[in-house]
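J.: Residue strings, one per chain:
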Amino acid sequence: MTTPAPAQTNKAGLSKNDYRGLPSTLCQGCGHNSIANQIITACYDLDVVPEQIMKFSGIGCSSKSPAYFLNRSFGFNGLHGRMSSLATGALFADISLRAIGVSGDGDTASIGLGGFKHMVRRNAPIVYIVENNGVYGLTKGQFSATAEVGLDLKHQGINQYMPVDICMEALASNATFVARSFAGDAKQVKELLKAALSHHGVAVLDIISPCVTFNNQENAIHSYTWGKDHEAPLHEISFIPAMDEIEIQGEFAEGTVREVSMHDGSTVLLKKLEKDYDPTSRANAFQMLESVQLNNWLVTGLLYIDESKPTLTETFNLVDTPLNRLTDPELRPGRETIDKINGMMF
Amino acid sequence: MTKEVINDFSITIATVNGSGSQTANVTLLRALFKMGIPVSGKNLFPSNIQGLPTWYTIRINKDGFVARRDEQELVVTLNPVSFARDLASVQPGGAFFYADDIKLPIARSDISIYPMPIKQMARAANVSPALRDYIANMVYVGILAHMLGIDMETIRQALSFHFKGKAQAVDSNFSTVEAGAEWAAQNLKKTDPYSVTKMDSTSGYIMADGNTAAALGAIYGGLQFAAWYPITPASTLAESLNIFLPQLRKTSEGKQTYAVMQAEDELAAIGMAIGAGWGGLRSMTSTSGPGISLMAEYAGLAYFAEVPVVIWDVQRIGPSTGLPTRTAQGDLTGVYFLSHGDKQNILLLPGSVQECFEFGWKALDLAEHLQAPIFVLSDLDLGMNQWMTKPFIYPDTPLERGKVLWESDLEKLKGIWSRYKDSDGDGIPFRTVPGNKHPSAAWFGRGTGHDENARYTEDANTWESNMARLKKKYDTARTLVPKPIITATKGATIGIIAYGSTEPTVEEALILLKQAGGPNAAFLRLRALPCTSEVQDFIKNYEHIYIVEANRDGQLHQILSAVLPDQAPRFRSACHSDGLPLTAKWVKETILAQEEKQ
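Line by line, the protein sequences are chains A and Z.
If you want this note's numbering, it's the 1-based position in the first sequence plus 207.
If you want this note's numbering, it's the 1-based position in the second sequence plus 1.
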């Protein structure tokens, strides 16, 4: 009889299985499944304890996916387009927790655009992932607000309207972390997720995630073929957690690497590709998004980061104990105060 | 002069909104209250910042009746636009005070007419031109003080309260009041019979508004999170949280045990409140009808996912934008059934300012106890007007936190528990909240169909049994919500059911009915839905039950007819809605007219 080899564990003493969710019920080959897998890997790699994470989503195919990762994390699959408000309130329950939200392009850019932008401007501490496929999958193939002009869908005809650019909207709302990626580029998705999980504030990840059933025509922007042909990464991205010693060597030749320090002491390394891109400049980010739109590329990578702004919950000067663990003595003013209050009335 | 009338009449003051007259009117109200005379004040204001007609009505009543009356014995007008209508509204034998710069015909000989040199005296006051309009209002305070016999010292006390003791503001306003009184003493000859005199009928009372009381009650109920969006007449509820939370709920190091957020709309306000409630916080939002409509989908999520949250609806008259500054009880049916699908909601119906405080904390207890949205229906009249009320009472029970399992509980259970299982037979399941570090603590909240372990399922039997449990939970709520207050009357043949701010109206109507030789009536003031057993018991006792309410459709009548169909033939609807609080006279006449039909 042989003893099974002990499962490999991370520094939290957990195996990859501790980060998994239920089996996915999404279509075979759906980009969303690949993203769920990268969330599992990123959390495992970062040694995050699943109980320290809250998951949120709205309604749609993408919003189902929080069931497919981090089974041991609390989650709430709320209303269509309303993930932002639900998560905003929940973030106050225990400010030691981290939050991951998964939304879609319909959920975020159509019905939920207002709430999304307000959550962004408040710098709510959450990783906000948009699994962007330009189409409504769960209701069988209608246009979303991110569909490109001219997209031809069965039963819908040809889209006549300009798309909403989620990264542009996030930047315009003063987001402090904006990134775009492509579900087909698993390594980049994973590294961006790690950086986002360490970010101090709202981290918007717009991930082009092709819909294999309703919107995967070769020439459509939200397709695998188009993505693979047109993806132009801004940089090669690597994330170094705070506890790891940073060693810039080997593939990171000196002078080609831009280093971004995160609030928690970790580091994001951006290896220069075609040109040197500074993600700490908001103006650069706007310019980049504008130029790729004109040139029809899919630029991916970390577009913008600002680690200096206070997060939503930090602006409240809350007690150190999680609010949801406070009890009567902290929550009910003393008996002696009632006379004073009555005395304050006329 | 006819027979003197002391401490029993109404005054209406007509001004232009945005002119600062509210300070003068509330000063009069408070001075009368300080004289020990029962009073009420109703602000009938436009949905506007500056320039439209506004009225303030004070009822003075030695017997303690504080409901609004239609009849106005004394009318004061500073507004040329409403002048003719104001003049016509004075009861025969009453008095009309007007700013003498208004040169309009006064064709009434059945009332006393008193011109007031408002502009002239405001110019004479020792204040900057910017403050002249404000100080002008103090002139009529002084003139009324002299003409009615209001104690000048109580006026000073009222001003001192209003200006938070700031001596300069108090002094400059008070000297104008004195100048007005002095002018009246020298220039006006009293020809009307109305005056006031000191009593001792307000000791043991305070003056406050329902929105302030609701906010304070929530704070004493351990409120931890509130999200809101500005809307008349609910805004002052959330604003009161911002005033009192820092005073009552900061630690000695100045750290907050709460968070209040102004959301981007009502959808987000309730969404945030539900997120916080799911997270284990004592959570609420406050709004009015239009906001309630926007909150509908989220309210259904809280019902179905079983998330504690409190929703205050300070009602204004609708539908649609309606009259944003006028009162009604028009949201009852809408809120009772709010959101799609099968459900009834739990509603608390405070009937006084003191009860707004009480339900402020009780609603949070019920929300966590029942893991459900709890709606509290106040209205503009109760929420925004100053009422004499019994002082706020410190809660007599500890915070009810409901069935929450923490790490140590889960260890005892060896991690075995089910989020949506009816373990105790009361329909209320156990829950855990984020931050619980036990590996089996987590569950996945959802508005989609779920089994006992919160897993998605479309299984027909599972759906039906979950919905049956939710219904059972509603029956548990029936045993927990505040019971009605019953005024039994000897020999009563009819019953009256009313709720909310109409309480003083109905109390007075009971007396008026008797005086008119009408039937003796017993009165049940409903304080919550679902109905407790006392409601059915009450209904069975009387031939007819009049359901009195300030809406067009008789909404409580609709609901009671639906939930008690066997009793419905004996229900009679007495409903009326024009934006103003109901009067006792209307209640009396409506009931008498229906009784005569028999």
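Accuracy of the hints is not assured; some may be wrong.
PhoX-like mimics (lysine-lysine), calculated; alpha carbons at most 25 Å apart, straight line [what the hints assert, rightly or not]:
| no. | chain 1 | residue 1 | chain 2 | residue 2 |
| --- | --- | --- | --- | --- |
| 1 | Z | 256 | A | 516 |
| 2 | A | 223 | Z | 438 |
| 3 | A | 547 | Z | 165 |
| 4 | A | 223 | Z | 415 |
Hints were generated in silico from the structure; no laboratory data involved.
J.: For each hint, tell me whether it holds in the structure or not.
T.: Verification of the hints:
With a CA separation close to 20 Å, the supplied pair residue 256 of chain Z and residue 516 of chain A stays within the 25 Å bound. Annotation: proposed proximity of residue 223 of chain A to residue 438 of chain Z holds, straight-line Cα distance about 18 Å (limit 25 Å). About 15 Å separates the Cα atoms of residue 547 of chain A and residue 165 of chain Z, which keeps this hinted pair within 25 Å; it holds. For the hint linking residue 223 of chain A to residue 415 of chain Z, the alpha-carbon distance of about 23 Å falls within 25 Å, and the restraint holds.
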